[in-house]
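Number of protein chains: 2
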Amino acid sequence: MSIYPRPVEELIDCFARLPGIGRKGAARLVFHLLGRSDEDIRVFAETMIAAREQTVFCRDCQNLSELERCPLCENTGRDHTLLCVVAEPRDVAAIERCREYKGLYHVLHGVISPTRQKSPDDIRLKELLERVGGGGFAEVILATNPDTDGDTTALYIARMLRPFEVKVTRLAYGLPMGGHVEHADELTIMRALDGRREV
Amino acid sequence: MSIYPRPVEELIDCFARLPGIGRKGAARLVFHLLGRSDEDIRVFAETMIAAREQTVFCRDCQNLSELERCPLCENTGRDHTLLCVVAEPRDVAAIERCREYKGLYHVLHGVISPTRQKSPDDIRLKELLERVGGGGFAEVILATNPDTDGDTTALYIARMLRPFEVKVTRLAYGLPMGGHVEHADELTIMRALDGRREV
Chain A
0 MSIYPRPVEE LIDCFARLPG IGRKGAARLV FHLLGRSDED IRVFAETMIA
50 AREQTVFCRD CQNLSELERC PLCENTGRDH TLLCVVAEPR DVAAIERCRE
100 YKGLYHVLHG VISPTRQKSP DDIRLKELLE RVGGGGFAEV ILATNPDTDG
150 DTTALYIARM LRPFEVKVTR LAYGLPMGGH VEHADELTIM RALDGRREV
Chain B
0 MSIYPRPVEE LIDCFARLPG IGRKGAARLV FHLLGRSDED IRVFAETMIA
50 AREQTVFCRD CQNLSELERC PLCENTGRDH TLLCVVAEPR DVAAIERCRE
100 YKGLYHVLHG VISPTRQKSP DDIRLKELLE RVGGGGFAEV ILATNPDTDG
150 DTTALYIARM LRPFEVKVTR LAYGLPMGGH VEHADELTIM RALDGRREV
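Top to bottom, those sequences are chains A and B.
Letter by letter, the first sequence follows residues 0 to 198 in numbering that gives the first Met the number 0.
Letter by letter, the second sequence follows residues 0 to 198 in numbering that gives the first Met the number 0.
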């Protein structure tokens, strides 16, 4: 016999399938939710459906968008000759938060990963190729994460874009601002040494 | 300008309002969800509505139930002279998991807490009074958490039940101080049941 009513168990299951949430954590979330108003719960459920139904992938940058073409791609105030390639929509958000970059984006929705069985066909590389092939870009900045899969993906894209007359760069990797050499891992220190600059 | 489409931002807000989930964590959950199938998302949303609409509070024990009277209260194989008073439905689940206790339950849905402005009227004490007043119980076991609010609530209930001919006991402090019934292991709960004392 299950301890909770069936619909409650099922909702716990739904939450427990989310990444980083165990069954006890899921139960805690569900009981918190059940302590809310009917209206609150209805809004949550409807928002979940809306987030899927009312968002598409921008036809240019592949980022999540309410419109066929997202506001970033539509913005004529941005530099349309600069293209920053990222793995996920949240990477766009992180870069936008620093208010430094004024070019466009391309969201891959994943990285090439032999260990997680993600091949180049599983991410939005075809769309990137078409876009860069269409011309108009002076520079493509590869902003995948500095880990094995991110490096593999960046290398793959750099090779893929070699036939085009476009500069391909990669984000600098080194010690994070405010970080300590003492606490940095070996790989970060190696990257920081490799990328050292004359002062 | 918000970085994500409005419905996605709204869904992140919904998740971020859950306890223990920050905005970054919420965004991670939402992007995971948006990577699932339409069907998966629809089921999650519908289950959320169902968990509210298809559950009531058992008319006797006040636990969440699909029926007017829950399976535990309906079960004639259990000891209907023993009543265990807990704060939350998840405490019932924790005690049931140790398969030691065969009596009934009463779920308060909270504890008396001056710091969190929870008065005796905010939890299901009236229902407990009516139930014990109705007779038939030989013993009431107070199984609130061994913390300030749990102790206050247990003491309040012990006093409230003094006019009745019923033995009132409290779980033994086999539970670590400051701990939660929900997270206790089966052995600790069994020790606490065995060592219960009259108050």
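Check before you lean on any hint, since a few could be wrong.
The list makes no distinction among identical chains, and a pair is therefore deemed to hold if it is satisfied within one copy or across any two copies.
Under the rule of at most 20 angstroms between Cα atoms (straight-line distance), these lysine to any residue pairs were calculated in the SDA-like manner [claimed, not checked]:
(1) Lys-23 x Glu-73
(2) Lys-23 x Glu-185
(3) Lys-166 x Ala-92
(4) Lys-23 x Ala-92
(5) Lys-101 x Gly-19
(6) Lys-125 x Asp-78
(7) Lys-101 x Ile-40
These aren't lab readings, by the way, just hints derived from the structure by calculation.
Hint check results:
1. For a Cα distance limit of 20 angstroms, the shortest separation of Lys-23 from Glu-73 qualifies neither inside one copy, at 45 angstroms, nor across copies, at 27 angstroms.
2. Within a single copy, Lys-23 and Glu-185 get their C-alpha atoms only as close as 35 angstroms, which misses the 20 angstroms cut-off; across copies the closest is 15 angstroms, which meets it.
3. Proximity of Lys-166 and Ala-92 under a CA criterion of 20 angstroms is satisfied in neither setting, with 24 angstroms inside one chain copy and 61 angstroms between copies.
4. For a Cα distance limit of 20 angstroms, the shortest separation of Lys-23 from Ala-92 across copies, 11 angstroms, qualifies, whereas the shortest one inside one copy, 31 angstroms, does not.
5. Taking the closest pair of Cα atoms, Lys-101 and Gly-19 never come within 20 angstroms of each other, the shortest separation being 34 angstroms inside a single copy and 34 angstroms across copies.
6. Taking the closest pair of Cα atoms, Lys-125 and Asp-78 never come within 20 angstroms of each other, the shortest separation being 22 angstroms inside a single copy and 67 angstroms across copies.
7. Proximity of Lys-101 and Ile-40 under a CA criterion of 20 angstroms is satisfied in neither setting, with 39 angstroms inside one chain copy and 34 angstroms between copies.
Going through the hint list in order, the structure does not satisfy hints 1, 3, 5, 6 and 7.
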